[in-house]
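Engineer: Residue-level listing of the chains:
Number of protein chains: 2
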Amino acid sequence: MKSAATIVIIGSGNIATCFGKAFYDAGYPIQAVYSQHIEHATTLAAQLKTQAFSSLTLIPTDADFYFLALKDSVIKEVSEQLNVNGIIIHFSGNTSLDILNNHKKIGVMWPLQTITKNYQPEIKNIPLCVEGNNESTTNSILEFAKSISNKVVEMNSTQRKFAHLAAVMANNFSNHLFEISAQILKEHNLDFDLLRPLIFETARKVQHENPAEMQTGPAIREDLKTVNEQLEMLNEYPEYKNIYEVLSKSIINQYQLKSKK
Amino acid sequence: MKSAATIVIIGSGNIATCFGKAFYDAGYPIQAVYSQHIEHATTLAAQLKTQAFSSLTLIPTDADFYFLALKDSVIKEVSEQLNVNGIIIHFSGNTSLDILNNHKKIGVMWPLQTITKNYQPEIKNIPLCVEGNNESTTNSILEFAKSISNKVVEMNSTQRKFAHLAAVMANNFSNHLFEISAQILKEHNLDFDLLRPLIFETARKVQHENPAEMQTGPAIREDLKTVNEQLEMLNEYPEYKNIYEVLSKSIINQYQLKSKK
Chain A
2 MKSAATIVII GSGNIATCFG KAFYDAGYPI QAVYSQHIEH ATTLAAQLKT QAFSSLTLIP
62 TDADFYFLAL KDSVIKEVSE QLNVNGIIIH FSGNTSLDIL NNHKKIGVMW PLQTITKNYQ
122 PEIKNIPLCV EGNNESTTNS ILEFAKSISN KVVEMNSTQR KFAHLAAVMA NNFSNHLFEI
182 SAQILKEHNL DFDLLRPLIF ETARKVQHEN PAEMQTGPAI REDLKTVNEQ LEMLNEYPEY
242 KNIYEVLSKS IINQYQLKSK K
Chain B
2 MKSAATIVII GSGNIATCFG KAFYDAGYPI QAVYSQHIEH ATTLAAQLKT QAFSSLTLIP
62 TDADFYFLAL KDSVIKEVSE QLNVNGIIIH FSGNTSLDIL NNHKKIGVMW PLQTITKNYQ
122 PEIKNIPLCV EGNNESTTNS ILEFAKSISN KVVEMNSTQR KFAHLAAVMA NNFSNHLFEI
182 SAQILKEHNL DFDLLRPLIF ETARKVQHEN PAEMQTGPAI REDLKTVNEQ LEMLNEYPEY
242 KNIYEVLSKS IINQYQLKSK K
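In the order they appear, the protein sequences are chains A and B.
Mapping of the first sequence onto our numbering: residues 2 to 262, in sequence order.
Mapping of the second sequence onto our numbering: residues 2 to 262, in sequence order.
Please note that the accuracy of each hint is not assured.
With beta-carbon atoms standing in for the labels, derived distance ranges [stated by the list, open to error]:
(1) B/E40 <-> A/D224: 22 to 32 Å
(2) B/Y238 <-> A/S74: 50 to 60 Å
(3) B/L258 <-> A/E136: 20 to 30 Å
(4) B/E155 <-> A/K118: 34 to 44 Å
(5) A/D194 <-> B/E136: 22 to 32 Å
Lysine to aspartate or glutamate pairs mimicking EDC-like chemistry, simulated, CA-CA at most 20 Å apart [what the hints assert, rightly or not]:
(6) A/K72 <-> B/E223
(7) B/K106 <-> B/E144
(8) B/K187 <-> A/E188
(9) B/K259 <-> B/E214
(10) A/K226 <-> B/D99
(11) B/K118 <-> A/E210
(12) B/K162 <-> A/D63
(13) A/K152 <-> A/D26
(14) A/K162 <-> B/E246
(15) A/K250 <-> B/E246
(16) B/K118 <-> B/D73
(17) A/K187 <-> B/E155
(18) A/K105 <-> A/E136
(19) A/K50 <-> A/D63
(20) A/K118 <-> B/E210
(21) B/K152 <-> A/E202
(22) B/K162 <-> B/D73
(23) A/K77 <-> B/E230
(24) A/K77 <-> A/D99
(25) A/K152 <-> A/E210
(26) A/K162 <-> B/E233
(27) A/K118 <-> A/D65
(28) B/K162 <-> A/E237
(29) A/K118 <-> B/E214
(30) B/K152 <-> A/E40
(31) B/K50 <-> B/E40
(32) A/K187 <-> A/E210
(33) B/K125 <-> A/E233
(34) A/K226 <-> B/E78
(35) B/K125 <-> B/D26
(36) B/K250 <-> A/D26
(37) A/K226 <-> B/D73
(38) A/K72 <-> B/D224
(39) B/K250 <-> B/E230
(40) A/K162 <-> B/E223
Hint data in this document are derived by calculation from the structure and do not stem from the laboratory.
Even glycine gets a Cβ: it sits at the ideal position worked out from N, Cα and C.
Go ahead and model the full structure; you've got the sequences and the hints to work with.
Structural biologist: See the structure below:
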């Protein structure tokens, strides 16, 4: 039996904590945790039964994987300070692989999920989007990723950028619509609790169905009377009226395209 | 013990079927099912152990509740043909109470949930939005509604119209964003399965959290570099680019408003 891959975690935020624990729980020896703030590194290192560093020149140089769990804006800068032998991997959906080009073996393992302190979904259900700069590196990362998640997909940097864009539309923009709905309800003395079951049900359905086939509401029915009434109800909120108009038109266009097929 | 309220169901579609069964299961005697297509009425009536009618002049006139489970566009017409004594109730979110004004005791019991043949959420978890034209009628409907759902709310026709608008934004528009995301993924040879866990997680979080407090992504971070890159990636899809722009601007505006507070 070959021995488990060894790991160094660079960073101490949500992603570092969530994945550090997952790696540790899966039996991988964590060789070190780095953070520029030694107290942050120490907190996470204690959980992962390993040593903490606040200097990149002191971290072990012979681990198999160096995971950069950092803000997009500092990945390049930190990676350029690393002088180590293993595979350097970042977690970012919106950052190209080649930002790590000053190293020989580089990769990406992007978790396509929202991960915050209070909500840590089970790692095995998080899609991990993997890329490496050569076949052997890619295979090493794929093999590793598959040992902690059931949903591992290989994709290149262009695909990852579009997947990130799709995630922004599906997640951030929907959440903004939830926020607008909550506000409309509040201004009419109604509680957002009223909408929570509907939001949950829509997301539950889409786990098995194709969203294109489950659209309902006035726009897809081309019920222009209701669409226009609702637009008028938004007269006081020109920004929301614009959102309503743009999305309704797009639903109607999509429907008309389909009908022509 | 007073005897259970008696019910006539007008209609035989999804809502008629879903609520007909719920009323029956809750122990209410269903006196009749009406549909203009006798075979549809017969199918549902068989499930509810009652009689089927395709003529409105023949239905029993002494039930306590007449539930009109009909398309918005025919509620008025059908209600005007009814000559009965009980409370007349429609299920529509987007239809005023006063459309039933030719009757003395009228009301609304709008289920704020998406109900299709394949997905029938548990009735007790469906918010029922109730209105009546006088206190005694309202109380009768409220009491009845509370016997089948744990989430009964009284609201007037204006509130209901705004709740319906909020539901369109939270449900139909989000679903459209899911559809656009699926399309973007497909055109880059990626499967929509990648996004399903994220969509589910976002909806799960919003069950307990306020959407305004859980926004993430480039717009709320005012990461204009990413916003502009993603806008450029949508150059081939002017309609989606417009949606991206309008929603990102709205997220940024909301954030700036909050920061000023």
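Engineer: Please go over all the hints and tell whether each is borne out by the structure.
Structural biologist: Hints and how they fare:
| no. | hint | verdict |
| --- | --- | --- |
| 1 | B/E40 <-> A/D224: 22 to 32 Å | holds (28 Å) |
| 2 | B/Y238 <-> A/S74: 50 to 60 Å | violated (28 Å) |
| 3 | B/L258 <-> A/E136: 20 to 30 Å | violated (50 Å) |
| 4 | B/E155 <-> A/K118: 34 to 44 Å | holds (38 Å) |
| 5 | A/D194 <-> B/E136: 22 to 32 Å | holds (25 Å) |
| 6 | A/K72 <-> B/E223 | holds (14 Å) |
| 7 | B/K106 <-> B/E144 | holds (15 Å) |
| 8 | B/K187 <-> A/E188 | violated (39 Å) |
| 9 | B/K259 <-> B/E214 | holds (11 Å) |
| 10 | A/K226 <-> B/D99 | holds (18 Å) |
| 11 | B/K118 <-> A/E210 | holds (14 Å) |
| 12 | B/K162 <-> A/D63 | violated (64 Å) |
| 13 | A/K152 <-> A/D26 | holds (18 Å) |
| 14 | A/K162 <-> B/E246 | holds (17 Å) |
| 15 | A/K250 <-> B/E246 | holds (15 Å) |
| 16 | B/K118 <-> B/D73 | holds (19 Å) |
| 17 | A/K187 <-> B/E155 | holds (15 Å) |
| 18 | A/K105 <-> A/E136 | holds (13 Å) |
| 19 | A/K50 <-> A/D63 | holds (18 Å) |
| 20 | A/K118 <-> B/E210 | holds (14 Å) |
| 21 | B/K152 <-> A/E202 | holds (15 Å) |
| 22 | B/K162 <-> B/D73 | holds (13 Å) |
| 23 | A/K77 <-> B/E230 | holds (18 Å) |
| 24 | A/K77 <-> A/D99 | holds (10 Å) |
| 25 | A/K152 <-> A/E210 | holds (19 Å) |
| 26 | A/K162 <-> B/E233 | holds (12 Å) |
| 27 | A/K118 <-> A/D65 | violated (27 Å) |
| 28 | B/K162 <-> A/E237 | holds (15 Å) |
| 29 | A/K118 <-> B/E214 | holds (14 Å) |
| 30 | B/K152 <-> A/E40 | violated (47 Å) |
| 31 | B/K50 <-> B/E40 | holds (15 Å) |
| 32 | A/K187 <-> A/E210 | violated (32 Å) |
| 33 | B/K125 <-> A/E233 | violated (34 Å) |
| 34 | A/K226 <-> B/E78 | holds (18 Å) |
| 35 | B/K125 <-> B/D26 | holds (12 Å) |
| 36 | B/K250 <-> A/D26 | violated (42 Å) |
| 37 | A/K226 <-> B/D73 | holds (12 Å) |
| 38 | A/K72 <-> B/D224 | holds (12 Å) |
| 39 | B/K250 <-> B/E230 | holds (15 Å) |
| 40 | A/K162 <-> B/E223 | holds (18 Å) |
Figure legend: structure checked against the earlier numbered hints; hints not met, in rising order: 2, 3, 8, 12, 27, 30, 32, 33, 36.
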